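Residue numbers (full-length UniProt numbering), protein chains in the order written: chain A, 1 to 98; chain B, 1 to 514.
Source of the hints: derived by calculation from the structure; they are not laboratory data.
Just so we're clear, the structure is a prediction, and the values are computed from it rather than from any experiment.
Cβ coordinates follow ideal geometry from the N, Cα and C atoms, glycine included.
Some clues are possibly wrong.
Claimed, not checked - Which bits of chain A does chain B cover? Going by a derived footprint, with three or more residues having C-beta under 8 Å, they are:
| id | segment |
| --- | --- |
| 1 | 4 to 13 |
| 2 | 23 to 37 |
| 3 | 52 to 59 |
| 4 | 69 to 76 |
| 5 | 79 to 85 |
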Amino acid sequence: MSDITRDDVAHLARLARLAVTDEELDTFSRQIDAIVDTVSAVGDIPDDVPPTAQVVPQTNVLRADATEPSLPRDVALAGAPAAEEGRFRVPRILGEEL
Amino acid sequence: MSDMISLDAAELARRIHAREVSSVEVTRAHLQRIEAVDGPSDGSAGPDGVHAFLHVDADGALAAAEAADRAIAEGGPVSPLAGVPVALKDNLTTTDMPTTCASRILDGWRPPYDATVVARLRAAGLVPLGKTNLDEFAMGSSTENSAFGPTRNPWDLTRVPGGSGGGSSASVAAGEAPLALGSDTGGSIRQPGAVTGTVGVKPTYGTVSRYGLVAFSSSLDQIGPCARSVLDAALLHEVVGGHDRCDQTSVNAPLPPVVEAALAGARGDLAGVRVGVVGELSGEGYQPGVLAAFTDAVRTLGELGAEVVEVSCPSFSYALPAYYLIAPSEASSNLARFDAMRYGLRVGDDGERSTDEVMSLTREAGFGAEVKRRIMIGTHALSAGSYDALYGKAQKARTLIVRDFTAAFETCDVLVSPTTPTTAFAIGERVDDPLAMYLADLCTIPANLAGNAALSVPCGTSPDDGLPVGLQVMAPALADDRAYRVAAAYETARSSTPDAAPRIPELRALETTR
Numbered sequence: 001m002s003d004i005t006r007d008d009v010a011h012l013a014r015l016a017r018l019a020v021t022d023e024e025l026d027t028f029s030r031q032i033d034a035i036v037d038t039v040s041a042v043g044d045i046p047d048d049v050p051p052t053a054q055v056v057p058q059t060n061v062l063r064a065d066a067t068e069p070s071l072p073r074d075v076a077l078a079g080a081p082a083a084e085e086g087r088f089r090v091p092r093i094l095g096e097e098l
Numbered sequence: 001m002s003d004m005i006s007l008d009a010a011e012l013a014r015r016i017h018a019r020e021v022s023s024v025e026v027t028r029a030h031l032q033r034i035e036a037v038d039g040p041s042d043g044s045a046g047p048d049g050v051h052a053f054l055h056v057d058a059d060g061a062l063a064a065a066e067a068a069d070r071a072i073a074e075g076g077p078v079s080p081l082a083g084v085p086v087a088l089k090d091n092l093t094t095t096d097m098p099t100t101c102a103s104r105i106l107d108g109w110r111p112p113y114d115a116t117v118v119a120r121l122r123a124a125g126l127v128p129l130g131k132t133n134l135d136e137f138a139m140g141s142s143t144e145n146s147a148f149g150p151t152r153n154p155w156d157l158t159r160v161p162g163g164s165g166g167g168s169s170a171s172v173a174a175g176e177a178p179l180a181l182g183s184d185t186g187g188s189i190r191q192p193g194a195v196t197g198t199v200g201v202k203p204t205y206g207t208v209s210r211y212g213l214v215a216f217s218s219s220l221d222q223i224g225p226c227a228r229s230v231l232d233a234a235l236l237h238e239v240v241g242g243h244d245r246c247d248q249t250s251v252n253a254p255l256p257p258v259v260e261a262a263l264a265g266a267r268g269d270l271a272g273v274r275v276g277v278v279g280e281l282s283g284e285g286y287q288p289g290v291l292a293a294f295t296d297a298v299r300t301l302g303e304l305g306a307e308v309v310e311v312s313c314p315s316f317s318y319a320l321p322a323y324y325l326i327a328p329s330e331a332s333s334n335l336a337r338f339d340a341m342r343y344g345l346r347v348g349d350d351g352e353r354s355t356d357e358v359m360s361l362t363r364e365a366g367f368g369a370e371v372k373r374r375i376m377i378g379t380h381a382l383s384a385g386s387y388d389a390l391y392g393k394a395q396k397a398r399t400l401i402v403r404d405f406t407a408a409f410e411t412c413d414v415l416v417s418p419t420t421p422t423t424a425f426a427i428g429e430r431v432d433d434p435l436a437m438y439l440a441d442l443c444t445i446p447a448n449l450a451g452n453a454a455l456s457v458p459c460g461t462s463p464d465d466g467l468p469v470g471l472q473v474m475a476p477a478l479a480d481d482r483a484y485r486v487a488a489a490y491e492t493a494r495s496s497t498p499d500a501a502p503r504i505p506e507l508r509a510l511e512t513t514r
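Next comes chain A alone, as it looks inside the complex (with noise of 0.2 Å):
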């Protein structure tokens, strides 16, 4: 198997910010692994292959650098839970200490 372990569900969990269940860690950790072990067929795939990001023959698509219309700020701000002041109003992002 690949080896994917509880502890690493709920590391994965928390760099992906999903406050998971230690319920959820027991399913997802028993899935994770079995959906890793079947994906990492990859492997077998010679080094020396180039990789293909994606498939549309296209670079540095550009438009001119002018100003165009953008949002209204209401329209923006429309849809936000949480709104102050024409701003979007979010909870502390600093800890208490500094």
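Dock chain B against chain A, hints included.
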């Protein structure tokens, strides 16, 4: 049942434009059909409702239909599908309807802009009926991962309609809409098309704008049409396709002439067309009834004059593993935008908790199990210790799959396979086994990884269970017209056979399943 709900979009458009019937009447007939068969939008009707729709906008639809009728009455030029209703997968942004991606995290969200495809539909006078159900953020193969309950297959209401776009395909299959838009990342238009007996097209990557499609896996996602005929799909394809400066991956090239190809194909001549049967997309794991219907379809292509050959694409064995690394990796990055700050759900903001804590609690409460699994798999595949062995190798697999297609298209004009290894499975059958669920995409994934065009066209029913089977036709990038031509020829031949399946099945729960 009004006969209007069983007509093709092309015929509806002809009648509307000839003023034999109004767009308002056609729209009303479809709204009534939705009312009669769909059940409540929370899915609480269970097997008594198809539950294809998460939101129906009757007032908006009737207003759009009136506008189309006025434009036609004024006698000016109108687009070929003006006045025809259409359903929209609920991961396409709409300013006048909620866009939820079937996720709690976006429950009730109203986007500030229309997706390019939605804007083009509106400009062409089509009539949006509502938003259709999907697996949450388009991650799944059965529509069971919707936070708002599963959609049911119109051929057997105890079975899944495929996924992720089960709502769009089921709405078309059930006569609730003549046309729908879906998005196909690993098969989410074609596989539901196959199991609901409808046509589903994944155009060449980059030829239909993704602007306003809520991103799942940006290098694979592609919007495309769902319909009951190949010509209808082509007509919708030409309305929404073409270059868009709002999408940086949009291909700045003329759209292949898909309507012309569908019309040419319908004349039934495939002389000189070289059709390759992909040996790797067959055999073990495929239902005998699916293979029987597929073999019949290939024989029909030969009878239409096509030259049928066997081709080998040995690297397709890497497609499923590569897909389930690349798609989750891109998803883990794309879904980081659901941070509880700018839109959507926010949980646990009590004035004490930090942004980080609120973010984690919100994402835990707002995402379903499959989305969490994929985010964590992607996070793992992209982490420093695993990147080379997992994500890096998956990108190399992609190169090998592109090479297999290139080699096959040197000797063939199109490639064919079953669209999916099995017919529709029972609701609940695979929900606890993600790997079993992933196998539903076995045949459709290669075209996403390589970016070329592919579609699914109904090829009768399986002798095992009487449920629909799909024929997949794959074409090179920017040669979508070839797939349309072959599919239209096949469709015409098939529809004249005595055992041609009904266009709209009788909606019921079969007793053969649980």
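These are the hints, each one checked on the structure:
1. 4 to 13: holds (count 5)
2. 23 to 37: Per the Cβ count (8), the hint holds.
3. 52 to 59: holds (count 6)
4. 69 to 76: holds (count 3)
5. 79 to 85: Held - the segment 79 to 85 of chain A has 4 residues with a Cβ nearer than 8 Å to chain B, which meets the minimum of three.
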